Amino acid sequence: MVVLWTDALIYLLLISVLLVALSLRNKEHMQRPLRKISQSKIGIASLVILLFFVGIGLLDSIHFKPSDTKNTEIISVLDYWATNLREHNEKTYSAPFSTHLYSKEIIVSPDGAVHWDYQRLDFGGRHIYLPEHQLLPDIAKKVAFGLVQGIVIDCFLIVVFLIMRYKLSKKGSSLFSLSTRTKTALVVSAVIIAVAYCLIYLSSFYHVFGTDKVGEDVFYQAIKSIRTGLVLGTLTTLVMLPLAIIFGILAGFFGGWVDDVIQYIYTTLNAIPGVLLIAASILMVQVYMAGHEQAFTSIIVRADTRLLFLCLILGVTNWTGLCRLLRAETLKLREMEYVQAARALGVKQGMILFRHILPNVMHIVLISVVLDFSSLVLAEAVLSYINIGVDPTTYSWGNMINGARLEMAREPIVWWSLSAAFLFMFTLVLAANLFADTVQDAFDPRRSAE
Amino acid sequence: MIQYIIRRFLYAIPLLIGVNILTFVLFFVVNSPDDMARMQLGQKRVTEQSINNWKQQHGYNLPLLWNAEAQDQEKVTQTIFYQKSVGLFLFRFGVSDSGRNIGADIQERMWPSLALALPTLVLGLIVDISLALMMVLYRNSYIERTGLVLCVVLLSISSLFYIIGGQFIFAKVLKWVPISGYDDGFSAIKFLLLPIIIGVFSGSGSGVRWYRTLFLEEVEKDYVRTARAKGLTETQALFKHVLPNALIPILTGVVVILPLLFMGSLIMESFFSIPGLGSYTLDAINSQDFAIVRSMVFLGSVLYVFGLLLTDISYTWVDPRVRLS
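Sequence lines, in order, name chains A and B.
Take the first sequence: its position 351, counted from the start at 1, is 351 in my numbering, and no numbers get skipped.
Take the second sequence: its position 200, counted from the start at 1, is 200 in my numbering, and no numbers get skipped.
I should point out that these hints are in silico values taken from the structure, not numbers from a laboratory.
Every value quoted in this text rests on a predicted model; they were computed, and no experiment measured them.
Beta carbons are placed, not taken as given, at the ideal position from N, Cα and C, and that holds for glycine.
Some clues are possibly wrong.
[Said to hold, decoys possible] No more than 25 Å apart at the CA atoms, straight line, and that leaves these computed lysine to aspartate or glutamate pairs for DMTMM-like:
#, chain 1, residue 1, chain 2, residue 2
1, B, LYS172, A, GLU411
2, A, LYS332, A, ASP441
3, A, LYS141, A, ASP154
4, B, LYS221, A, GLU411
5, B, LYS230, B, GLU220
6, B, LYS221, A, GLU329
[Unchecked claim] Computed far set for chain A versus chain B, every beta-carbon distance over 10 Å:
#, residue
7, VAL17
8, ILE56
9, ARG86
10, LYS104
11, VAL108
12, VAL143
13, THR180
14, PRO242
15, PHE253
16, ILE272
17, VAL275
18, ILE300
19, ILE367
20, TYR385
21, ARG405
Hey, can you work out the whole structure from these sequences and the hints?
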């Protein structure tokens, strides 16, 4: 097993999220907003979708070196499971569900005749003999078959779930009395599992989203990009939070010269156009990596270092907004009676900050973390377009768009890379946005008053 | 009032010094001129001699902060810091690594940027505010709900897709406007039309939502209830009372970004090949021309600080409650 830097940080993040969740489990003030989230159908549905994406991202974050093969490239568990997708490479572009290549080339028939035609694909639709007649019925059959199998799996899982629930719950509760939130969660997961299963089943016969310029399966690329998006969206906040919380609270609580210095720091940082700061820093990393070649022998390690660094830089450029919010909130809290009372009772300043101020600004932190997530995922695409995003070898939606953009001028156009990137990105960002709205509704005291 | 403005103005000076020092550290200390030369000349097989030549040519062969070999005053002036960074304060941007005069380039290129950014901002404001007002007017109806759903959908789509999709549909398939390019004078309109519309459209999701929350906050207030109690219709109350009051935070929010409009938009300009400052910056990043990037960083921060100053002034101007102390 090989642990990359971002892997380690993801585990760290996961553990800390679990620990925080555990410690807050029985706190009454957390119960109310959580109940509110669980009552919202949209909130639950988007949460399930997000968890599905996170699951894929986590599978993609367990890396190891395969022992049986000759090549020494590091792969993840997801790569291992998707070996078929990964290794079924064609020569160049091919459309989704196509049996032939995108461009014509010279074909030499077994009898020696030479003609100019579309070559059959090496893997996509190989099982069909007469593509002109059999392709559409075969696709329809395979889709139906995949969906039916997916639904059967769904039914099985739901039955297992119901029995487990029945066994675990107290005697007397009915087998089928489900709350709305459980129903929503079940329905959404059932749909996801059925569709995912169907896609996996189809992808062993066809290239569901076509292939790209070097013949790589686009479906595989889109799935691999999930991890990149998640890493950027979450690890950046990990960098951002300590800076924003410490500086924001200190500035608001102490005022005076501390406040002046901190305000000066964040206004200065804010004044520099973020894109240019990122560009300069990425150039810096490139120079560093060029100077220390022996430390970055593997492509994946190089790409990972750059991804990590991008998170760092985005964190440094993004903490100022949250910092300002926290400062304003702390300014307000400082004058509250309970803080004054604590001070009058002689509670130490550190203790006041930790016990009285920090817990009361946490809702702002939480809201801004979920709100930032989607904008970071979107920012990745733009940064990759400017060539200052993730490494060109990293799978990311930005890189997919960037590569596909140049092919828009071709006739007939190569639309599938772009569509796949759009579909996956849109699903993730939409789910994140909807979830962020629910969280904001639940945790923002101004909104929950309604 | 004047005293207040002077004080805010003086506050801008340490900010700009901070920015200047930060860029200096980033571009000369962390990335040494040797690294830059290697970047420009290609990583492999670069001789010491060619690096020195390159540094000599571009004036990077001086010490960073203190020139011990020079005479008197030149101990300070004959350094990279003085030559490359201090001049920025007087808007002496110097020469780019490819030998062009940056100051002249900026002056020439800021107008196309402005021609794209200003209409996008104004049109965007008008569209967003009217849609938000409509949603507030018909709140708790299906219009508001569909509007909100549409907003979330719109803001979940990457701006790249708006540009690629818009360019494909309106320029390539329908051929209403040219795909990209730019022209001087009024003939530029046909090139600017599509980017402006795309810019307005892609920003409308988050814009409408933001203005809607602003208006909703205002609608709940007592003075609106009083206005309604007086017998004003909902529409009258909204346009006569809510809109003028909500315009204060909107306008002050706009003032901050007004100077930054000169900087242009990176992706919009490069997709539509508009020769503005955005595409200038992007080209500089891609060709690793540090001199231009440095100048743009400084220009950007000057404009930002200027925007802050304008905001402070506009606050005191529109909102009499703001004290000047």
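**Item:** List of violated hint numbers, smallest to largest
**Value:** 4, 16, 17, 20, 21
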